[in-house]
Amino acid sequence: MNKDALLATLIGFGIGLLITGLLLVGPNILPLLPKIQLPKHSLVTPTPTPTPKTNDLIIESPLPDSIENISALLVSGSAPPNTTIVIAGPSDESVVAVTQDGKFAGKLTLVEGKNDITVTALSKDKTSAQNVTVYYTEESL
Amino acid sequence: MIAELFAIAVYAATVSATPSSQKLEDLKDRLASAASQLSQSQKRAVTGTVKTTSVSTITVETATKDVKIELTDTIKVIQIIKGKRTTLTTDDIVKGDDVTVFGDYDATLDLLKAKAIFIQGMTPQRIFGVITSVDKKNYTLTVDTADGKSIIVDHETTTKNLLWNKTNGTAKGAFSKYTVGDTVFILETPQPKYENRVSAIRILNIGNLSGVTPTPTPEPTKLASPSATAKTTPKPTP
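Just so you know, the sequences run in chain order S and E. With our numbering applied, the first sequence corresponds to residues 76 to 216, in that order. With our numbering applied, the second sequence corresponds to residues -7 to 230, in that order.
Just chain E, same shape as in the assembly:
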């Protein structure tokens, strides 16, 4: 009797397990398929210069290789024009534009299906180093960078100054507070006409970390003109 009951239970378990195991297998297959699709098509962004353009595709030259971009119907083209985020069309993309393309990358086709293209303007650069001289007359700083370059930094009227110390954190700075030996982080735009000269957008001064003041570059001193004569104050007559 007990043996009969046991046999029925085993049979019932086998019968009920068969459909669920099939479902499990189906689920596994679907998961594997989804994972495969996901690995083949993934969200990616590339940045580079537009090399060629056509109606449906563009080629972007990146630092490592040329990437083919498929232009979809729902694509958005954006550019910051005069400080305003402007929506453009794919016709506005021209050869030589610096772009960042967002989309789904198809590894099998080696193709990026673009969903959004951002046309980059001139991006500011960053330098950091130690101030070796401060020209308070011409509002310039000379900064020695870690790679051994000496760069003249023009302090503009629009330059934002920030001063940091351990106790107060970051506060508003001023040109008068820059001293030789301070470490500065500068967001700048290069000056095309002059080599090793930049225009500062933003300067963060974190002070003198090493405690050592580098010897400032001597400035040429102007000699007094020979015509200049010392004036004597007349003595009051009694």
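Just chain S, same shape as in the assembly:
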């Protein structure tokens, strides 16, 4: 047997011993090693705080004194659930029910010039109303 073969055998035996030793002793040493903690990043998106439900009738759209250039107008807002909403304009009306999350939306037809819009929320025991004025013209401003 030449020297090189003997050296390779010895090295192989040594590595084998080292691996065996690690397998036997390793589990007992691991708890003693210092633990490295990674910074915690929560993957859960924060839930937005729900806006408190009000019992008021609010017109969210259109904005007061806004100028429209289309005669068809969508009126939307919030109101107490289980109420009937009547949106009354200068030429027609729209009757809609409020959704469970307290929202409503209805269409109206505008006339040229000033348009006074009244939104009335009706329930068995309470009636409330809000007004908004919008302007409409066919002319390009």
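Be aware that one or more of the hints could be misleading.
Just so you have them, the derived chain S footprint on chain E, three or more residues with Cβ under 8 Å [to be verified]:
#	segment
1	63 to 74
2	113 to 120
3	142 to 151
4	157 to 169
Below, a list of computed lysine-lysine pairs in the BS3-like style, where the Cα atoms sit at most 27 Å apart [claimed, not checked]:
#	chain 1	residue 1	chain 2	residue 2
5	S	Lys199	E	Lys169
6	S	Lys178	E	Lys158
7	S	Lys182	E	Lys76
8	E	Lys74	S	Lys201
9	E	Lys107	E	Lys43
10	E	Lys158	S	Lys199
11	E	Lys152	S	Lys182
12	E	Lys74	E	Lys43
13	E	Lys164	S	Lys199
14	S	Lys201	E	Lys158
15	S	Lys199	E	Lys105
16	E	Lys169	S	Lys201
17	E	Lys164	E	Lys129
18	E	Lys87	E	Lys76
19	E	Lys87	S	Lys182
20	E	Lys169	S	Lys182
21	S	Lys182	E	Lys35
22	E	Lys158	S	Lys182
In case anyone wonders, no lab produced these hints; they're calculated from the structure. Here a beta-carbon is modelled for each residue, glycine too, at the ideal position from N, C-alpha and C.
The hints should help you fit chain E onto chain S, whose structure is shown.
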């Protein structure tokens, strides 16, 4: 060597950043100027009655203050005449007209540069309330409004009737379908000769929401004339 390279890179970055930062500053100035102009001159509409007129300006009395209107060369004056949208001139605007003016409002000059003026006719009004009586002979409804008024509503032959319920939505209505206790939304024109009496253009009936029927106003009953005698049917002779 490395230090030299680093110094050159820093110098190059500084040299190239200087013109772009100048551009950024210019852009900022222009944006600020545009925003300033925009805030000073913005699209606005005012409504009111014409107080004074001249060749180049008019003054409109609104609910809160008098607004000076500048009449531009490209202005359009519109009015609905006999149901038709008619284009007029600024000469047709007279004192006392109810107008809606659209244009650019200059806050610094407190002036509205008019682009379009709409001469409003008599605008219909709206009332809503609960029916307290139905006169089927004279085709009138008595409606109690939320502000405590009792209004007689004349149902005309041209009045449009609409009936709404939760299941079917809005459908065509009729005068015969109005009952005491129904909530109605009325588009009307006031009758100048009579107080608390209106002429209905459009009535939306959404039914009895409260479930309570108000006691109807008793109508005076006509007494039978004394000359009226009951007729007896002659018995057939055998």
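Discussion item. Going through the numbered hints above, which ones does this structure break? Give me the numbers in ascending order.
Written reply: 3, 8, 15 and 19
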